[in-house]
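Chains as they are written, first to last, in the numbering used here: chain A, 207 to 494; chain B, 207 to 494.
Incorrect hints may have been included.
Said to hold, decoys possible - Reference excerpt, derived from the structure (chain A facing chain B, CB under 7 Å, subset only):
| no. | residue |
| --- | --- |
| 1 | M245 |
| 2 | P292 |
| 3 | E300 |
Claimed, not checked - Chain A residues, not near chain B, derived (Cβ > 12 Å throughout):
| no. | residue |
| --- | --- |
| 4 | I256 |
| 5 | A371 |
| 6 | S418 |
Simulated from the structure, these hints should not be mistaken for lab results. Fair warning: this is a prediction, and the values are worked out from it, not measured in the lab. Every residue gets a Cβ at the ideal spot worked out from N, C-alpha and C, and that includes glycine.
Number of protein chains: 2
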Amino acid sequence: MDDRELLTIVREVAGDAQTFDDCAVIQLGSCCAVITTDMLHASTDFPRGITCRQAGWMAVAVTLSDIAAMGAAPRYILLAVGLDQPRHLKKILEGAVSCAERFGASVVGGDLDAHTELTLVSTGIGLVDPRSIVRRSGANPGDVIAITGTPGRAQAALVGYTQFACALYEPIPAVMEGIALGKAGASAMMDVSDGLALSLYDLLDANDCGFSIYTAMVPLPPEVPLDEAREFALYGGGDFGLLFSIPPGLLVDIGISYTVIGTVISDRAVLLDGDPMPKRGYVHQWNG
Amino acid sequence: MDDRELLTIVREVAGDAQTFDDCAVIQLGSCCAVITTDMLHASTDFPRGITCRQAGWMAVAVTLSDIAAMGAAPRYILLAVGLDQPRHLKKILEGAVSCAERFGASVVGGDLDAHTELTLVSTGIGLVDPRSIVRRSGANPGDVIAITGTPGRAQAALVGYTQFACALYEPIPAVMEGIALGKAGASAMMDVSDGLALSLYDLLDANDCGFSIYTAMVPLPPEVPLDEAREFALYGGGDFGLLFSIPPGLLVDIGISYTVIGTVISDRAVLLDGDPMPKRGYVHQWNG
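Isolated chain A (complex conformation) (with noise of 0.2 Å):
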């Protein structure tokens, strides 16, 4: 069983419409605000040799991409922290904060528990005109397809090459760029974070139409090569960007760096140089 095959379980109990999107969108009075919550923990989350003070920015940094991919702009954070060792505790909270606050949020509250391995759990609420939500859902046929950022660094760290260590053990989410796509019109959006390629399937499932990308567009990781580069940002999980949809002629002034990589169709497919993408990417899988 794998996380894919889980959330038909979810969908089944909670409703479809609280599980395609990065965050859940609320009407609070006249505001419109976006929740999402994210559990990292050691075993699995986080890669080998992280810092307490890079755990706790992690934890902050994959809920601020959240928010972000909804065109939001992140306001408040609460940290659950299942605390291994209590003296970890300090640095982990400095590296939530500074995380935070980098991002223009605040760490508003949260909860601590003893547990036998380091687990964060971190929610985030952001903001938005309602106008400027962006949801997975909302592309069309025409629109050209992009991302932020270059896709496949942090597999390419967590495979040897040290110089991306930042992108895995210090994540920048892209959270101006959310904002100022969410304003410029996207028409749908989602972070990467699981691969490109599964992100471009997840789109798929939202969306009526499909997704043609050209392997020639995609950026990768300098000095890696090419073969590995191409694996890395097609494949690789762990990366912050966002991939989003947007009309051509918005595509003015935006103020951000992007790069388009394709084009919504109308097929229902997932295209990569013009024939179907491999489904394949970073999954958990489960056992039992």
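Based on these hints, arrange chain B on the given structure of chain A.
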């Protein structure tokens, strides 16, 4: 090291304001929201023999209880599940959704992760008229101090009085009571999940006054020998009642059941029958 010592580290890094109340209070446009997060896991939080459905219920109930303690109406729940066995997921979610819906909230999002022991982190958002927010601070000498429900039932169940099993396995958060007390003008409030004594000491920390209660006024779990019943009610943990102070003149027609157990005094002390009350109850202990 215990929970309360670790809290001083949290206050050092994240600031004081974030740690005194059951929830963080945030202003969202014209509306006021309270948010809180709670981490529960198998080895330290779930009583032996709990079912998956009950674990899901309990995870949401602790969060609803924190929201109720601020006088707010719970609206949105996020549930992060660190899952030991994939086959447990459905029942856990059913318990969570049913607890949320019973008290007027919806499960709007969450996360899934594989974990060696079942770990549930629920985050809740409640809404409240700013004039009805009740914090831990705000008590004044001359207020009465009162509780909802009968404390000690969960502790009694834990040591084998099976007639109170529901209090332990399917706790009922005092949601209606919290909302009513917020509207009625309670001056300070919190839930008593760490036990009555420790909760009174928490109120002492948050206020410039003290609290004087009387054993004979505290309602006791019935059909339990008196000495034991008093021990459970004063020092036992796991109950979901609310402890609050309120000017006695406001205790008219508030439409809920409560028991006055003492008064707020100007001395900076917690007194039981006129003597300092032992400061003991449910505290996590940490190694290292």
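Checklist entry - Are there hints from earlier that the structure breaks, and if so, what are their numbers? => result Violated hints: none; all satisfied.
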